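There are 4 protein chains.
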Amino acid sequence: MRKTGLWVTWLTLFLLVLPVSAQRREIRIPDIAGYKTLKCDLHMHTVFSDGLVWPTVRVDEAWREGLDVISITDHIEYQPHKTDVPTNHNRPYDIAAGRAAGLGLLLIRGTEITRDTPPGHFNAIFLNDINPLDTKEFFDVLQAAKAQEAFVFWNHPGWKAKAGENYIADINEKVREKGLIQGVEIVNGRSYYADAHAWALKHNFTLMGNSDIHSPADNDQMQRENHRTMTLVFARGKTIEAVREALLRGRTAVYFGNTIIGKSDFLEELFEASIHVQKPYVRDKNTVSVLVTNESDIDFELQRTGKVGPTTITFPAGRSTFVKIPVDKDGRAELAYTVTNLWTAPGKGLSLSTNFYAE
Amino acid sequence: MRKTGLWVTWLTLFLLVLPVSAQRREIRIPDIAGYKTLKCDLHMHTVFSDGLVWPTVRVDEAWREGLDVISITDHIEYQPHKTDVPTNHNRPYDIAAGRAAGLGLLLIRGTEITRDTPPGHFNAIFLNDINPLDTKEFFDVLQAAKAQEAFVFWNHPGWKAKAGENYIADINEKVREKGLIQGVEIVNGRSYYADAHAWALKHNFTLMGNSDIHSPADNDQMQRENHRTMTLVFARGKTIEAVREALLRGRTAVYFGNTIIGKSDFLEELFEASIHVQKPYVRDKNTVSVLVTNESDIDFELQRTGKVGPTTITFPAGRSTFVKIPVDKDGRAELAYTVTNLWTAPGKGLSLSTNFYAE
Amino acid sequence: MRKTGLWVTWLTLFLLVLPVSAQRREIRIPDIAGYKTLKCDLHMHTVFSDGLVWPTVRVDEAWREGLDVISITDHIEYQPHKTDVPTNHNRPYDIAAGRAAGLGLLLIRGTEITRDTPPGHFNAIFLNDINPLDTKEFFDVLQAAKAQEAFVFWNHPGWKAKAGENYIADINEKVREKGLIQGVEIVNGRSYYADAHAWALKHNFTLMGNSDIHSPADNDQMQRENHRTMTLVFARGKTIEAVREALLRGRTAVYFGNTIIGKSDFLEELFEASIHVQKPYVRDKNTVSVLVTNESDIDFELQRTGKVGPTTITFPAGRSTFVKIPVDKDGRAELAYTVTNLWTAPGKGLSLSTNFYAE
Amino acid sequence: MRKTGLWVTWLTLFLLVLPVSAQRREIRIPDIAGYKTLKCDLHMHTVFSDGLVWPTVRVDEAWREGLDVISITDHIEYQPHKTDVPTNHNRPYDIAAGRAAGLGLLLIRGTEITRDTPPGHFNAIFLNDINPLDTKEFFDVLQAAKAQEAFVFWNHPGWKAKAGENYIADINEKVREKGLIQGVEIVNGRSYYADAHAWALKHNFTLMGNSDIHSPADNDQMQRENHRTMTLVFARGKTIEAVREALLRGRTAVYFGNTIIGKSDFLEELFEASIHVQKPYVRDKNTVSVLVTNESDIDFELQRTGKVGPTTITFPAGRSTFVKIPVDKDGRAELAYTVTNLWTAPGKGLSLSTNFYAE
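Residue numbers (our numbering), protein chains in the order written: chain A, 7 to 365; chain B, 7 to 365; chain C, 7 to 365; chain D, 7 to 365.
Chain A on its own, in the form it takes in the complex (with noise of 0.2 Å):
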């Protein structure tokens, strides 16, 4: 008996810890316009540059957090390891590679393109080779990029610059001009860049955002957010070419804390393909009752820029509101709102209106 009682908390704990191990956790956002959302880091170390792990940690981490698609860009000309990790630029993506596909993660072979600011450090995915890349004149190497078809995008353009400083410098220009980027990392890690942001949509860059993790996922600050910074990418199915065609066609969103960035149509349809109104609805003499569930992973905060409804709504993430809506005899109520955490713009948040009728 007394035997039982000592074997029993141990075996309690096997029972119930196991089978963690093995679980994926899937991202609540919705599929979109015909698109499957894919939840893609494009941006991380490993101990092959001046990250702290082994290429296949970045993929297991990946695949348990819902990622769909990485890429592994070590540092090309910064090696800090050198000494006891021999440079060899290849080797991330093919250490990496055989665990990913086992686990049906895409991984693209990718890598960065770092140095001083400016013009700061670029990501070039869809390589064939990275040697090639590992040449002197800063230049030649977009040229050895675009030599491969690759997407090359600018890293954190903010990083090092002082508060009011403009870091889009004419070196910037200059690769804008060339035609040798496509797209700007508007958020890197816990970083946002309304600059470069504000840069990218002038200038219709792919909208770019990254965890650039160095440590170990699980340590890392970005994931006590409940998730990394990723981009949101709309791709016509999962594979390695979708995630290229909608890359190079825009159809991306940026996701980091409890906030997207994106092009208001892509925003719109994330929000209403994330929330549910059930029914019936509750009704009262002027006033009309709607549950309202939110099966998104975001909180939604709305705050009202019509004439009727609450001043602030939240949606919160998982859960059913209930929302009242003041109604004019005939049901009906014009609602405008602004969604503060889906943003189309620096400092702009997404407008919704609508004429609502309760039949």
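Because the hints were derived from the structure by calculation, they are not lab data.
Don't take each hint at face value.
[Stated by the list, open to error] Covered by chain B, according to a simulated footprint, are these stretches of chain C (three or more residues, beta-carbon under 8 Å):
1. 62-73
2. 91-102
[Stated by the list, open to error] Below, a list of computed lysine to aspartate or glutamate pairs in the EDC-like style, where the Cα atoms sit at most 20 Å apart:
3. A:LYS42 with B:GLU155
4. B:LYS285 with A:GLU247
5. A:LYS152 with A:ASP90
[To be verified] Listed next, with one range per pair, are the computed distances between beta-carbon atoms:
6. C:PRO92 with D:ASN292: 32 to 40 Å
7. A:LYS88 with B:ASP37: 56 to 64 Å
8. C:ARG242 with A:ALA323: 43 to 51 Å
9. B:TYR84 with C:ARG242: 57 to 65 Å
10. A:LYS88 with D:GLY108: 21 to 29 Å
11. D:ASN292 with C:ALA103: 18 to 26 Å
12. A:PRO286 with C:PHE145: 52 to 60 Å
13. B:GLN284 with A:LYS88: 35 to 43 Å
14. B:ASP336 with A:THR245: 24 to 32 Å
15. A:PRO286 with C:THR299: 52 to 60 Å
16. C:GLU179 with A:ARG310: 33 to 41 Å
17. A:ARG338 with C:PHE145: 29 to 37 Å
18. C:PHE145 with D:PRO286: 37 to 45 Å
Here the structure is a predicted model, which is why all the values come from computation and not from measurement.
Just so you know, even glycine gets a beta-carbon here, dropped at the ideal spot from N, CA and C.
Start from chain A and add chains B, C and D according to the hints.
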């Protein structure tokens, strides 16, 4: 500047905490077989008998926890607070009804008939007036319930019974023979009654499971298991009449802890509606790996009964799990498992078998 | 074998969940200045006025949450449940007293005097009999409280006031001039009253903070912040008499959210008794790193006001934090900080300065 | 105004999340018997053998988790990454040493001697140079360790053994007879080796428990149990030399899951230093209720072996629990319990007995 620091603290708190109050957590158990799966708790108490909360609290708790239907069933005969709260059997329903209507929660008028063991306690629900049941003779009470076309079920049948004791007394058999009950509460709070379960199956009674809460719900032990014990009712719609029809036809299952008890066809449909297999599969020489997403709130636990496949599999709630299936050269496997936490009878898990074929 | 599988699930649940019910979580705020720091909530309601729980629930909740002292203060004049629960002012205390004694929780007989604004609501505690206070004229009520040597405080002074409105009315000044109150509730639930705080400081009233809970405590918003708003009473011991003596002498602080409001000497002692610096220090050329452990439940937030040291420091509750201090060649540094969440006056944090010396 | 809304979201996130990164969670297991209770993990891996992280990661993880002492013990003979990370046995220590010193964490140079079973794997720690141990003959390796006055222990003795198999081979007895090991790792990660435990007790070996982590610590299963498996070392101080002295004298206990294994006198002191009984007691006719606060991280689980008192008692970590003790007319009770999760030998809990006397 300093002031800002002081206030942000409190503001921050406010922003994060505020929305929680108006939330409802939906219980993720899917609709099946063309029916709506209503989450029902048909046994609970207030200060009007030996409970510790005001009737409206039962409505608010139930709504927040994702329930669709409740019945407040204060004891007729046991009135320990009557010095301060004079006996008034219909008041709990009358007090709570408006609030339930405002939240779209179905409230059924009910009561608990309370006699020493045997025969024990019985809930009568769908009553118009509880007062006629406040009469001395036990069988008169049941007849009074019948006269109102109530649905009557035997509560916590093994309560007060010693281990191994037969608690199904002659008087309980007599109640059955006279057709005075339609259901048996095989789980009450955290207590499961295996013999009553077998008896209910034998005589085709509707299976019931309820919380029987007396304290505030959040404080109650069962709450710590993430949900209270409840009856899943497979109804044609979310109306009182549809609940009655489903109860009379025996279309229920009992959800308690991480276990569901019910007929095998309902359980199989619940399992299949919860589980989604992602494509494409990852295929190796002799194995096919499938990513299985469990969109329900239940951790499904499987034990192998067939010849191939992992010995045990857990599909944790809301997670995706990789399962490696050894296949023959044609990509086929005959899989047979028992789902050990879906019970079709005492000590008997749901049997599943499938001819897996990897396209 | 299969049976085992079925039952372990439920057993496991049982083992893990069972002990929780009898738990009390101690609040980690240290004793100071030779006094015992009693955690007190002296404002709450039950079904005997407009609250929603039975009086014993208030005892159980308080005990579980780590409180030492409570007063149930049902409204004398506002009795919305009186149809069902006839008015009986002394009953809540009488019903709850036995349970409080059994748990070692101090229960003080009290009530809430309830008038329109102004003058508003007042709690009178340490009463022998509440009935004499049930009288028409406002000043008669306060005199009746005084006759029983009650401690009286003004509740939620700015309740119903518009932003910017002066809510300290002539009648409130008159109450003060007549010496009929000894305390001011500067925080009520989640509302802080800055003007009342300033007024209380000016006239040397005892600072009070209470929950004013009406719903079950676990459901209440404030609960989600990890603790309810409470008054810390620095008492000579854990007795009713010691609480009274401390309240009369003004030895209190108000604990709400992650903030404590009080006199600077109490706050400084609370900070110092919470924070421990581990030795030996880790010393570099020009910096000394010290590991600081915060054993309290409060996250202390510091902003630099002096010339050296990190701009901001957070000492999270129950954690250790490394702080790098730049020192001169003798290992010295003059440090000056404001603790922004310990408030000595409206908008004013606690100032700390120290001559750090690394031995 | 609208802009504020947008930004507060992100700011809020930032404020709450930022401090976490620099945190250390202290493990609440008290100092005993005049010794400091050091939390030690003396078995772990990095990319320099088959681990998946850079050596500094092991330091950061350990510091955050509240450990005081670690040893990185990469395999000498098993070097699966050597194509990319050429063999260099002393590098993990050399790379990590500076970071450990900066955080005040003790780092011991160590390695894992890796042979097929039997004899299996052995850790040698307190080495000056690992290279002399990289030699072919097994006994030569152990002699090389001895020459450096290393502390050597047998790792995961039952690893690869079948259930019921005697895994203590002749060569292991020979190692023992020659005095070449001083300790036995009776718990490795989540595996407990009962026969090795008995063998270690019989031959008076120092009891060891370690994580043997290969992945990042946060991702590892054992992390989900709230702490990794570790050796508690009762040392005269927090120095490398004091750790060595304590290990040689056998002053250790093994902490895994919710269980501690060790000598009864250490366990009894740990229990008594963790548990505090509050006064005054609450006294009834025939019972005395005592409020017992458990300030440790361990949930103590007690089963009655004497005649009076509750059959089982749990003292949850960091909580207070009320225990009702039946007393005789003089207020006395003879209490006898087994603490089922403090193990003095395989299957044997710590016996406690006390003559309780309620003053």
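Now the hints, each set against the structure:
1. 62-73: holds (count 5)
2. 91-102: holds (count 5)
3. A:LYS42 with B:GLU155: Violated, at roughly 52 Å.
4. B:LYS285 with A:GLU247: 17 Å, holds
5. A:LYS152 with A:ASP90: 32 Å, violated
6. C:PRO92 with D:ASN292: 32 to 40 Å: At 37 Å between Cβs, range holds.
7. A:LYS88 with B:ASP37: 56 to 64 Å: 59 Å, holds
8. C:ARG242 with A:ALA323: 43 to 51 Å: 49 Å, holds
9. B:TYR84 with C:ARG242: 57 to 65 Å: 45 Å, violated
10. A:LYS88 with D:GLY108: 21 to 29 Å: 23 Å, holds
11. D:ASN292 with C:ALA103: 18 to 26 Å: 21 Å, holds
12. A:PRO286 with C:PHE145: 52 to 60 Å: Cβ of PRO286 of chain A to Cβ of PHE145 of chain C: about 54 Å, so the range 52 to 60 Å holds.
13. B:GLN284 with A:LYS88: 35 to 43 Å: For GLN284 of chain B and LYS88 of chain A the Cβ distance comes to about 40 Å; the hint holds.
14. B:ASP336 with A:THR245: 24 to 32 Å: 26 Å, holds
15. A:PRO286 with C:THR299: 52 to 60 Å: 56 Å, holds
16. C:GLU179 with A:ARG310: 33 to 41 Å: 39 Å, holds
17. A:ARG338 with C:PHE145: 29 to 37 Å: With Cβ atoms ~53 Å apart, the hint is violated.
18. C:PHE145 with D:PRO286: 37 to 45 Å: 41 Å, holds
Of the numbered hints stated above, those contradicted by the structure are hints 3, 5, 9, 17, listed in ascending order.
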